[in-house]
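Enquirer: The primary structure of each chain is shown beneath.
Number of protein chains: 6
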Amino acid sequence: MEILVVNPNRVDGCTRLIHAAARAAAAPGTTVTTLAPGRGPFELTGQSEVLFSAVGVLEVIARTPADAVVMAGFGEPGKEAAQELTAAPVLDITECGPLLARALGASYTIVTSTTAAVPIVEDRLRALRLDAACAAVLASGQSVPDLVERRERALEAVTGVAALAATEVVVLGCGGMAGMAADVAAATGRVVVDGVGAAVKLAESLGALGLAPARAPRPPVTGWPFGD
Amino acid sequence: MEILVVNPNRVDGCTRLIHAAARAAAAPGTTVTTLAPGRGPFELTGQSEVLFSAVGVLEVIARTPADAVVMAGFGEPGKEAAQELTAAPVLDITECGPLLARALGASYTIVTSTTAAVPIVEDRLRALRLDAACAAVLASGQSVPDLVERRERALEAVTGVAALAATEVVVLGCGGMAGMAADVAAATGRVVVDGVGAAVKLAESLGALGLAPARAPRPPVTGWPFGD
Amino acid sequence: MEILVVNPNRVDGCTRLIHAAARAAAAPGTTVTTLAPGRGPFELTGQSEVLFSAVGVLEVIARTPADAVVMAGFGEPGKEAAQELTAAPVLDITECGPLLARALGASYTIVTSTTAAVPIVEDRLRALRLDAACAAVLASGQSVPDLVERRERALEAVTGVAALAATEVVVLGCGGMAGMAADVAAATGRVVVDGVGAAVKLAESLGALGLAPARAPRPPVTGWPFGD
Amino acid sequence: MEILVVNPNRVDGCTRLIHAAARAAAAPGTTVTTLAPGRGPFELTGQSEVLFSAVGVLEVIARTPADAVVMAGFGEPGKEAAQELTAAPVLDITECGPLLARALGASYTIVTSTTAAVPIVEDRLRALRLDAACAAVLASGQSVPDLVERRERALEAVTGVAALAATEVVVLGCGGMAGMAADVAAATGRVVVDGVGAAVKLAESLGALGLAPARAPRPPVTGWPFGD
Amino acid sequence: MEILVVNPNRVDGCTRLIHAAARAAAAPGTTVTTLAPGRGPFELTGQSEVLFSAVGVLEVIARTPADAVVMAGFGEPGKEAAQELTAAPVLDITECGPLLARALGASYTIVTSTTAAVPIVEDRLRALRLDAACAAVLASGQSVPDLVERRERALEAVTGVAALAATEVVVLGCGGMAGMAADVAAATGRVVVDGVGAAVKLAESLGALGLAPARAPRPPVTGWPFGD
Amino acid sequence: MEILVVNPNRVDGCTRLIHAAARAAAAPGTTVTTLAPGRGPFELTGQSEVLFSAVGVLEVIARTPADAVVMAGFGEPGKEAAQELTAAPVLDITECGPLLARALGASYTIVTSTTAAVPIVEDRLRALRLDAACAAVLASGQSVPDLVERRERALEAVTGVAALAATEVVVLGCGGMAGMAADVAAATGRVVVDGVGAAVKLAESLGALGLAPARAPRPPVTGWPFGD
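If you read the protein sequences in the order shown, they are chains A, B, C, D, E and F. Per the numbering used here, residue 32 is the first one in the first sequence, and the count goes up by one each step. Per the numbering used here, residue 32 is the first one in the second sequence, and the count goes up by one each step. Per the numbering used here, residue 32 is the first one in the third sequence, and the count goes up by one each step. Per the numbering used here, residue 32 is the first one in the fourth sequence, and the count goes up by one each step. Per the numbering used here, residue 32 is the first one in the fifth sequence, and the count goes up by one each step. Per the numbering used here, residue 32 is the first one in the sixth sequence, and the count goes up by one each step.
It should be emphasised that the hints constitute simulated quantities derived from the structure, not laboratory data. Note that the structure is a prediction, hence the values are computed from the model and not measured. Hints are not guaranteed to be accurate.
[Stated by the list, open to error] Straight-line distance between alpha carbons at most 20 Å, and here's what the computed EDC-like set of lysine to aspartate or glutamate pairs gives:
1) A:K110 / B:E153
2) D:K110 / C:E111
3) C:K110 / D:E111
4) B:K110 / A:E153
5) E:K110 / D:E199
6) E:K110 / F:E153
7) C:K110 / B:E153
8) B:K110 / A:E199
9) C:K110 / D:E153
10) F:K110 / E:E111
11) D:K110 / E:E111
12) E:K110 / F:E111
13) C:K110 / C:E153
14) D:K110 / C:E153
15) B:K110 / C:E199
16) F:K110 / A:E199
17) F:K110 / E:E153
18) D:K110 / D:D98
19) B:K110 / B:D98
20) A:K110 / F:E199
Looking at chain A on its own, in the form it has when it is part of the complex:
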């Protein structure tokens, strides 16, 4: 099975961390390709960049053949659009982290990057009807570059916030936290779910069960904002 993982930002170190986490979660027969958009913002520091990045993410998904697609941005829109462009099931870590967390406990806490990300994540959870079981969305204060370049310090910050969670289960709410789950769990005694790993396993589960969206992808799309 070939899984395409897409990192919405263009921070190379982040793409590598996501790839490693996806690879670590994947079963022996699974191939993982992790790509970032070929255009768009380097880092998603606001709602504008979130929308700008979506176009590049969709371009990657539309043009890369795969058996399943994992969108590795937490809180970003675009899953429904992506599903229009490919026959492969599209999984969003914003959904997959919380869904696997729910199998482990009645409610969970999300630890995300900066405070600016909190309302973005909350709004997205509400739109996805996943807000009922989410006890809280907490900011770690760590941006993607922080999570990539100052890994030790970022891990400490994420661990400190995860330790404040009122729930047993914690979801890592940023692609840049990929790979941190075991360390945060060990330090806090919590059950820690990484959305990237969760999405890879759910992709494999759908594949094994033969489940995929019923609708065929649309014919090649026109109207890309940067020309076809």
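The hints should help you fit chains B, C, D, E and F onto chain A, whose structure is shown.
Expert: This is chains B, C, D, E and F only, laid out in the frame that chain A set:
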């Protein structure tokens, strides 16, 4: 006061209809400029085009000075992103139609374009916390080209669906329906709110009251997906 | 356009403040008449007075011709009843403040008079389906006489509470706070919406758009509790 | 124990029906006095009359000593105000019918008078946080005069609508239906709860358990709209 | 009228306390029999014991004739199952305490036993659609043996927590607190509702009004896990 | 990895169907053991049997070592209790079917056995906070014996109801439907999720990611209703 109205699609006739409705609603001292994106999809037939068009819409908003901005797409995302890019208050007809409708009645029905638009509108209303007073979102079956090119037939279809509403107040849920409110009201006996007109009046109201977002716009954004 | 504004209490200074705020918000061609009931409680200190005052408010509305009516009590019932008695659209500042606030931000905080008013306002918002976007209702501890007679001290108290709001947008939740919005905004850096000004602008907006309730008012009502 | 029952309308036959139902439900040692307001509307045909009648209802409650008060209007406001004016616990049939119904089943249907009453009842249930267990509010099409003067026909209509309920438990949602519960139950096989009987038993229950509001009533109120 | 009260645990002192409270609440003509299961766990310290005890509780109910049944465990499942096994109405103190509390105030606080009971009670309230009016579920830290054997200390703890409630009305959320209502009320100035007393009065109310479930009980059940 | 699957009823054919579906979904290295309770009801025809069966289900789980446990009853309680008794993660098909369905679409329809099961399933979904994304719970009219003994007819009935779903994704809401997903999907064009297969894959996913509840199981439980 200068109001910039942005039509998310690139159907010229639609831009003209929106401009006429905005112009008709505007007070004597108000200038209305209505623009469509310079790039992106012609028509928003799916969730992909909705996201593709957002980039062009944001480009127009970031580069056109105005005292207030009206986003004339119903159900499209981007208001929060647009507000990052301009000091002028940004008004979305998806909010303004329902808000003015609520001043007129405890609940209202939205009549939108095609059935594909219904879940997009419903999801957006949920994210905006505007779903509680919305009795139903009904599709008229009329696409934007239908609304522009076969105006008589489209008016009949919209009127027919508006007449089925269980509420006294009806909101026209598509920019392409701009200008139809009076005819639909006359034919159905309902109170019919056009989001474009509502947004123009709310923009003027904010201006008259000196109300605008407290946060300054960000420095010029980099990372446009098509280059800066 | 002639707007009738009705202050539900009989504190003259409050009626004057409300009138000044309505006048300040009104467009050049708009006439504002502000009246208090000719009978009923001086001040609304509890739920009994809230109901007692409603009768006098309705009497004023039924007997004063106008193009639009603004009910300037925050949290009081009676809008639906008032709409039965007049062909003019009836606007309640309890709705108009929050509605204009929602156009400016996804959620807002209401600063009201005394702690006794908090559950009255909360219950009314729930009945009006306007509770979803309201982050909190906070009491300033200032009664209507406080707001009128000890204006400086009251302004300080309202400002102090507004500064505690977790949202960027604050709604002044008492007719006696009319006229305070600019000062509170300047002192706190928040966007501050006064319900009276909001209602006047929404009344003008409905007028300009030709929107009014579809149902004709009823024939002259009998059964006033104090005789006809 | 002395229970004061207050009928919000001034239809004598309705007061008599309510009294008979309250009397039939009361325990041997309970005295029931049933009164209508001394002023205000004859019949509650709209939201205006609902508010007008409240003043007269409060006057009766403030001036009549009792151990418990039952407000026998379904959907009318005023319970909170009434509780300010008396030390006796005030019970509203709008609450008591649904509460006893909930003890009998997880959800219930309310059969009310005319279609005009449906939104009044729905709004009141929402304000009271009693909407979650209410499956539907259905109109029987019978006004209070219909229920009093054309009893046979009205019983048939109420029975016909009760038979359509999707729930096993039905609540009679109008004071004028007092006394109909047994007949409707026999004809439909449903469990039928009359709010008046329910309120009398809950009043006796509170009395037997020594439960009453903790706050003392206020000093004599001034500000009656018709003079003191 | 014969009321069967069932204590889900097998702590004799607890059964006696529940019996005394039920007896004290009962009308002169009411007979109260209070039983504990003949098998199952001594104390309900977790979700396993909650389920284990249900079988014994159902056995008692199926085999003991009564005019009404009161289930005296707070938060335990089984009411729906019990109603299948008897023609008598089955009342659960988890419902009856909150229902009577709602007649006294718009919202209430539940004080329960240990922190382990809090999510059990919260989940049950949600399933019963009784969560909307519940302001909070607070743990007193007192287990059933604490409540029985160290009564003074337990009363102090319950009183201390009840005094923290943000609502005027408090519901005692554990059968082992039966008999404490008057003392807690005196010490805190709150209105305190004991679920056992509430259920007894509601049972008598249903009896007096001739209300009972419409469905006949099923034929004798087979499949008891311990043999028939 | 060793997965223990527990069928709550004692219909042998049903246990075999569940085992086959679990086996078919399992990865090469996974061992599946499927057991029914050694005591309790043959078939779960009401809420009493649902509770009776839970004790036997818990007994099996407490006494059978496994790496993960799948509870194969749809809507039955007991997951929280089971998790107290074992260190292995416990997965309930009532959760796993809907969770995997949510990864495939924003909402889904559950097709369950008989109409008696509908409120049981609805109540359980509400308690689990999984109701928001569930569009409807529909009954197929097929009991477990029907599903086992008259397989062809039952498949037809399930297919007929699944074809009525308003959503693209359908969840099979009964353990006796295990093995039907592919046929129902082929006949209806829907995406059909079988809870048993979903739970097996989620169990494997948790295992692969090293995720398990943080709390250790309790010491051997006493208080089994049938003796220890």
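Enquirer: Now look at each hint and say whether the structure bears it out.
Expert: So, going through the hints one by one against the coordinates:
no.	hint	result
1	A:K110 / B:E153	16 Å, holds
2	D:K110 / C:E111	19 Å, holds
3	C:K110 / D:E111	19 Å, holds
4	B:K110 / A:E153	16 Å, holds
5	E:K110 / D:E199	16 Å, holds
6	E:K110 / F:E153	16 Å, holds
7	C:K110 / B:E153	28 Å, violated
8	B:K110 / A:E199	36 Å, violated
9	C:K110 / D:E153	16 Å, holds
10	F:K110 / E:E111	19 Å, holds
11	D:K110 / E:E111	33 Å, violated
12	E:K110 / F:E111	19 Å, holds
13	C:K110 / C:E153	16 Å, holds
14	D:K110 / C:E153	16 Å, holds
15	B:K110 / C:E199	16 Å, holds
16	F:K110 / A:E199	16 Å, holds
17	F:K110 / E:E153	16 Å, holds
18	D:K110 / D:D98	16 Å, holds
19	B:K110 / B:D98	16 Å, holds
20	A:K110 / F:E199	16 Å, holds
In summary, the numbered hints that this structure violates are 7, 8 and 11.
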